[in-house]
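Student: Those protein sequences? They're chains Y and S, same order as listed. No gaps in the numbering here: position 291 of the first sequence is 291 in my numbering, and each next residue is one more. No gaps in the numbering here: position 116 of the second sequence is 1116 in my numbering, and each next residue is one more.
Errors might be hidden in some of the hints.
[To be verified] Mimicking DSS-like on lysine-lysine, the simulated pairs with C-alpha atoms at most 25 Å apart in a straight line are:
1. S:Lys-1194 / Y:Lys-239
2. S:Lys-1283 / S:Lys-1239
3. S:Lys-1239 / Y:Lys-221
4. S:Lys-1165 / S:Lys-1129
5. S:Lys-1130 / S:Lys-1270
6. S:Lys-1022 / Y:Lys-239
7. S:Lys-1211 / Y:Lys-211
8. S:Lys-1239 / Y:Lys-211
9. Y:Lys-221 / Y:Lys-172
10. Y:Lys-239 / Y:Lys-38
11. S:Lys-1071 / S:Lys-1038
12. S:Lys-1165 / S:Lys-1221
13. S:Lys-1129 / S:Lys-1071
14. Y:Lys-239 / S:Lys-1211
15. Y:Lys-38 / S:Lys-1194
16. Y:Lys-129 / Y:Lys-184
17. S:Lys-1221 / Y:Lys-194
18. S:Lys-1221 / Y:Lys-38
19. Y:Lys-194 / S:Lys-1211
20. S:Lys-1129 / S:Lys-1239
21. S:Lys-1096 / Y:Lys-239
22. S:Lys-1129 / Y:Lys-221
[Stated by the list, open to error] Rough simulated footprint, nothing fancy, chain S against chain Y, three-plus residues with beta-carbon under 8 Å:
23. 67 to 80
24. 243 to 255
[Said to hold, decoys possible] Partial pick of chain Y residues on the chain S-facing surface, computed with a CB cut under 10 Å:
25. Tyr-31
26. Ser-34
27. Met-36
28. Asp-214
29. Lys-239
30. Pro-240
31. Asp-263
32. Phe-265
Because the hints were derived from the structure by calculation, they are not lab data. We put the CB at the ideal spot given by N, CA and C, even for glycine.
If you want the building blocks of each chain, they are given just below.
There are 2 protein chains.
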Amino acid sequence: MVLSTGTISLKAPEGSKAIVVKNLYLSCDPYMRSRMTKSDKPSYVPSYNPGSAITGFGVAKVVDSDHSKFKEGDLVWGMTGWEEYSLITNPDTLFKIENTDVPLSYYTGLLGMPGMTAYVGFYEVCSPKKGENVFISAASGAVGQLVGQFAKLMGCYVVGSAGSKEKVNLLKSKFGFDAAFNYKEEQDLDAALKSYFPEGIDIYFENVGGKMLDAVLLNMKLHGRIAVCGMISQYNLEKPEGVHNLLNVIGKRIRMEGFLVFDYFHLYPKFLDLIIPNIKEGKITYVEDTAEGLHNAPGALIGLFTGRNVGKQVVVVAPVE
Amino acid sequence: MVLSTGTISLKAPEGSKAIVVKNLYLSCDPYMRSRMTKSDKPSYVPSYNPGSAITGFGVAKVVDSDHSKFKEGDLVWGMTGWEEYSLITNPDTLFKIENTDVPLSYYTGLLGMPGMTAYVGFYEVCSPKKGENVFISAASGAVGQLVGQFAKLMGCYVVGSAGSKEKVNLLKSKFGFDAAFNYKEEQDLDAALKSYFPEGIDIYFENVGGKMLDAVLLNMKLHGRIAVCGMISQYNLEKPEGVHNLLNVIGKRIRMEGFLVFDYFHLYPKFLDLIIPNIKEGKITYVEDTAEGLHNAPGALIGLFTGRNVGKQVVVVAPVE
């Protein structure tokens, strides 16, 4: 990734239905890694084009609009460029921001794609029931921290794993997890899970893959569900690790289901109806890790894959005026 | 396994609610392998007790009954012993055979547990739709041959894999599969699947696990479903093989679901209503591999795990009088 300088017209071409936005916040998300691998297979998001600006989710302010839905000054979130200003030629994919009495950066996380991911992954894919045992890996991340809070709101027993003492403390003290552990300090993940889930796991919200998934499979309960949201531990490997314990899927009648938030954006208004009051009443909280300035964006993105971020990784491009 | 001789009273003890049966056909099924491993974990079927007769599904005739539901001469199928006569202390788990104008051995296969497995696995777990692309491994086995025929009845494109030329021919000539291949002759399972499924697989009926599952994951279509019925290639391994391609579960939104027929036996009457007319009209056919006599039963069971059987493996204990 290279930081480069260029010029852009701040006028949307007439008849283009495009808009020009000033980018305020950019979102660093694990799925972006897959866009850095050239693939001959169709993917849900196109590969990046070397030499072009990286694209990703962000919060932006409309500077000029040739589109009837948007006008100058509107705040939006959705796919934008990693640059100061972006020309967006398909603005129909953007969401207009109506609730502005919350931190605007939340629209990269809690109120944006990761928040929706947590919402649909938990409520639509996990089929949760009150009192069930829920395990979340990468639990302090942009998605995990919210899944845990949803599960607690539903009266579940919730345990999370994370990669540092600071994150583990956050899970317990800030997000209300019943327990949490640092996977890097556990010699035996199977034994760790057995100690936190003596009766087994009903729901596993999978964010990491590999060894953790293998250990979880040994500890699932009958009719358990695994919502496969991500496998961040595998994205930078030449060959993904082998998972050996899939036999458990049969005897325990486990449902393991991959999902992508992109299939569920029609539920966004329903999600906002649930989440906004909970934020205002202080029942849902959110932790962000902010990098200041576009020059810090590449490092912030790369840091995701070593777990450097504590909470949702955001890049602040420009102050909100 | 040892063949031994003993005596049994042919009278059901008074007040015991037990029955005594003469065993006619015994079923060799892959799940029996798991019962030969002592496990500290609860399982859906108990481990075998060394020194006792093996139990399994079979077809039997009631010789004496202390149970109001059964009388001498009734034909039943369900859990019985690998012996000439068995005392069955919990006969409520048995099914009474009402349709006797089909081969009675079918109640170990087509009309028994494997048939029900194919039925619920395909219709209840796979969520099949007309015209979808269906792949079945161990496709000439007790379950696979029927899954393929169900899929053809629904208007799907159906391909099966099996372990010999004879089995492959059977799939194409007898069961109406659109195509079939011998996995032992394929150097590259991924390439083989790509040639049979240029547009990908909607439904994978999983009977084998390991390398085949890994290759299938590369070839699943978006929103594909994997019904995990068995993983016979893994049961005799010290450590199951690693499956490396689970990342596909996310991007392709794959649902992978383990199931056990034991959860679905309430659907048995519905299954018979579907299958009996289809058998009589010749729309569903079934191939059995029979071993004659109890002394050949151990070899028949072991043969399952090297694929020696062609079709459903049955042991004939006694001729039907």
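Student: Hint by hint, note whether the structure agrees.
Tutor: Results of checking the hints against the structure:
1. S:Lys-1194 / Y:Lys-239: holds (21 Å)
2. S:Lys-1283 / S:Lys-1239: violated (41 Å)
3. S:Lys-1239 / Y:Lys-221: It holds: about 21 Å lies between the C-alpha atoms, which stays within 25 Å.
4. S:Lys-1165 / S:Lys-1129: Judged against 25 Å, a Cα distance of about 30 Å means the pair is violated.
5. S:Lys-1130 / S:Lys-1270: Status holds; Cα separation ~21 Å.
6. S:Lys-1022 / Y:Lys-239: violated (55 Å)
7. S:Lys-1211 / Y:Lys-211: holds (19 Å)
8. S:Lys-1239 / Y:Lys-211: holds (15 Å)
9. Y:Lys-221 / Y:Lys-172: holds (24 Å)
10. Y:Lys-239 / Y:Lys-38: holds (16 Å)
11. S:Lys-1071 / S:Lys-1038: Violated - the C-alpha atoms of Lys-1038 of chain S and Lys-1071 of chain S are around 36 Å apart, more than 25 Å.
12. S:Lys-1165 / S:Lys-1221: violated (28 Å)
13. S:Lys-1129 / S:Lys-1071: violated (44 Å)
14. Y:Lys-239 / S:Lys-1211: holds (15 Å)
15. Y:Lys-38 / S:Lys-1194: holds (20 Å)
16. Y:Lys-129 / Y:Lys-184: violated (30 Å)
17. S:Lys-1221 / Y:Lys-194: Not OK: Lys-1221 of chain S and Lys-194 of chain Y at ~35 Å, beyond 25 Å, violated.
18. S:Lys-1221 / Y:Lys-38: holds (19 Å)
19. Y:Lys-194 / S:Lys-1211: violated (29 Å)
20. S:Lys-1129 / S:Lys-1239: violated (36 Å)
21. S:Lys-1096 / Y:Lys-239: violated (53 Å)
22. S:Lys-1129 / Y:Lys-221: This hinted pair is violated, its Cα atoms lying about 30 Å apart.
23. 67 to 80: Violated, because only 0 residues of the region 67 to 80 of chain Y bring their Cβ atoms closer than 8 Å to Cβ atoms of chain S.
24. 243 to 255: holds (count 13)
25. Tyr-31: Cβ of Tyr-31 of chain Y sits 9 Å from chain S, so the hint holds.
26. Ser-34: holds (7 Å)
27. Met-36: violated (14 Å)
28. Asp-214: holds (9 Å)
29. Lys-239: holds (6 Å)
30. Pro-240: holds (5 Å)
31. Asp-263: Because about 7 Å separates Asp-263 of chain Y from the closest Cβ in chain S, which is inside the 10 Å limit, the hint holds.
32. Phe-265: It is violated, given that the least Cβ distance between Phe-265 of chain Y and chain S is near 14 Å, above 10 Å.
Hint check: violations occur at hints 2, 4, 6, 11, 12, 13, 16, 17, 19, 20, 21, 22, 23, 27 and 32; the rest are consistent with the structure.
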